[in-house]
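If you want the building blocks of each chain, they are given just below.
There are 4 protein chains.
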Amino acid sequence: MCIHVHIKVIPLGVGTSISDYVAEAIRTLRELGYSPLVESGETAVEVKDLKEVGEIVKHVNEKLARMGVGRVLTFVSIDYRTDKARSVEDKISIVRSKLK
Amino acid sequence: MCIHVHIKVIPLGVGTSISDYVAEAIRTLRELGYSPLVESGETAVEVKDLKEVGEIVKHVNEKLARMGVGRVLTFVSIDYRTDKARSVEDKISIVRSKLK
Amino acid sequence: MCIHVHIKVIPLGVGTSISDYVAEAIRTLRELGYSPLVESGETAVEVKDLKEVGEIVKHVNEKLARMGVGRVLTFVSIDYRTDKARSVEDKISIVRSKLK
Amino acid sequence: MCIHVHIKVIPLGVGTSISDYVAEAIRTLRELGYSPLVESGETAVEVKDLKEVGEIVKHVNEKLARMGVGRVLTFVSIDYRTDKARSVEDKISIVRSKLK
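Residue numbers (the working numbering), protein chains in the order written: chain A, 66 to 165; chain B, 66 to 165; chain C, 66 to 165; chain D, 66 to 165.
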């Protein structure tokens, strides 16, 4: 079993540069005990239980609201697999090995 | 304040027709007490607390796993707004009125 | 064969209310000859050829840029099916009939 | 000006393991002349004109259809920025530097 969560946050009303908020969201993931993989369009974490998705979304959004963001759009994609165990890193290395 | 959640589930390993699983996911949302708005590519619900996103994702995915789906991809988009209160229906009617 | 395209545009740097821009994007789809289905989180159109996705994205984004938007995020999901022909409306009615 | 495109393909009807198809999609991006950045949940490319999104989507989907996939779901996110020029790599390094 494995659960991979990819998350992307988009704060509205703070201008066109949003990296301060993206960095704060990733910092929040670390504070929650995750080891986020920072990628160019989203950030990946592995969770043990699907309920954690709620905790993650709540902490990240409420942190951004406390920073003064009036509206946050969050995109979460969840890969829930009961047939095999794969890490997020496995996923990249499997595809990369097939590209050789 | 308002929180809109749009959810799309994609079961893998069950063939190209997935509407039975999509219907079961929506039924699960109803069992959890929501009044889902069924749209062509995703389903919308309003939640009171961001933590509910975890409950939703957990119940829907575990229901599909019990139906025998070995891998489920879920796409969730969350619109968390502290500056205004809008229903999901408001969102459509505001855009539609501007189109006239 | 059928190709369904769902599109969602998010203009950055224009504040937290974006419905004027969403309406303009939908107006652009109409000008291109499509009959967009306006839903709560995205807008659906049917296309005949996948290349049209490029035309759509280009016209919508460049229209928003001309309105002064410095950064536009666009989310497009494409359902390309060669095994069956379904309209966007079919998709909703199939799921709804299973919910009864 | 810069345009970043993130793409994720999900073939349906081929079982729960889809990495062969993901690899083929990335190979197609290379054949089209792009230098894709392979990440854990999606692949990033930079384009010069938004129309290229149509070419990319068409070539990738039609390649998968020729491999026998009856239905392909594609998720594309486009970051169209006229206010600044940033590479995909810049995006990651800006966020990472803020995390230190």
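Rather than coming from a laboratory, the hints here were simulated on the basis of the structure.
Take these hints with a grain of salt, some might be off.
Here chain D is said to cover these stretches of chain C; the calculated rule only asks that three of the stretch's residues, wherever they fall, bring their Cβ under 8 Å from a Cβ of chain D [as the list claims (entries may be wrong)]: (1) 96 to 110; (2) 150 to 159.
Chain A side only, calculated, beta carbon under 7 Å to chain C, not exhaustive [claimed, not checked]: (3) Ser84; (4) Ala88; (5) Lys128; (6) Ala130; (7) Met132; (8) Gly133.
Pulled from the structure, derived: some chain A residues nowhere near chain D, Cβ distances all over 10 Å [claimed, not checked]: (9) Met66; (10) Leu102; (11) Gly106; (12) Gly135; (13) Ala150; (14) Glu154; (15) Arg161.
Note that beta-carbon positions come from the ideal geometry of N, C-alpha and C, so glycine has one too.
Item checked: Structure versus earlier hints, numbers of those that do not hold, lowest first -> Hint check: 1, 2, 3, 4, 5, 6, 7, 8, 10, 11, 14 and 15 fail, others pass.
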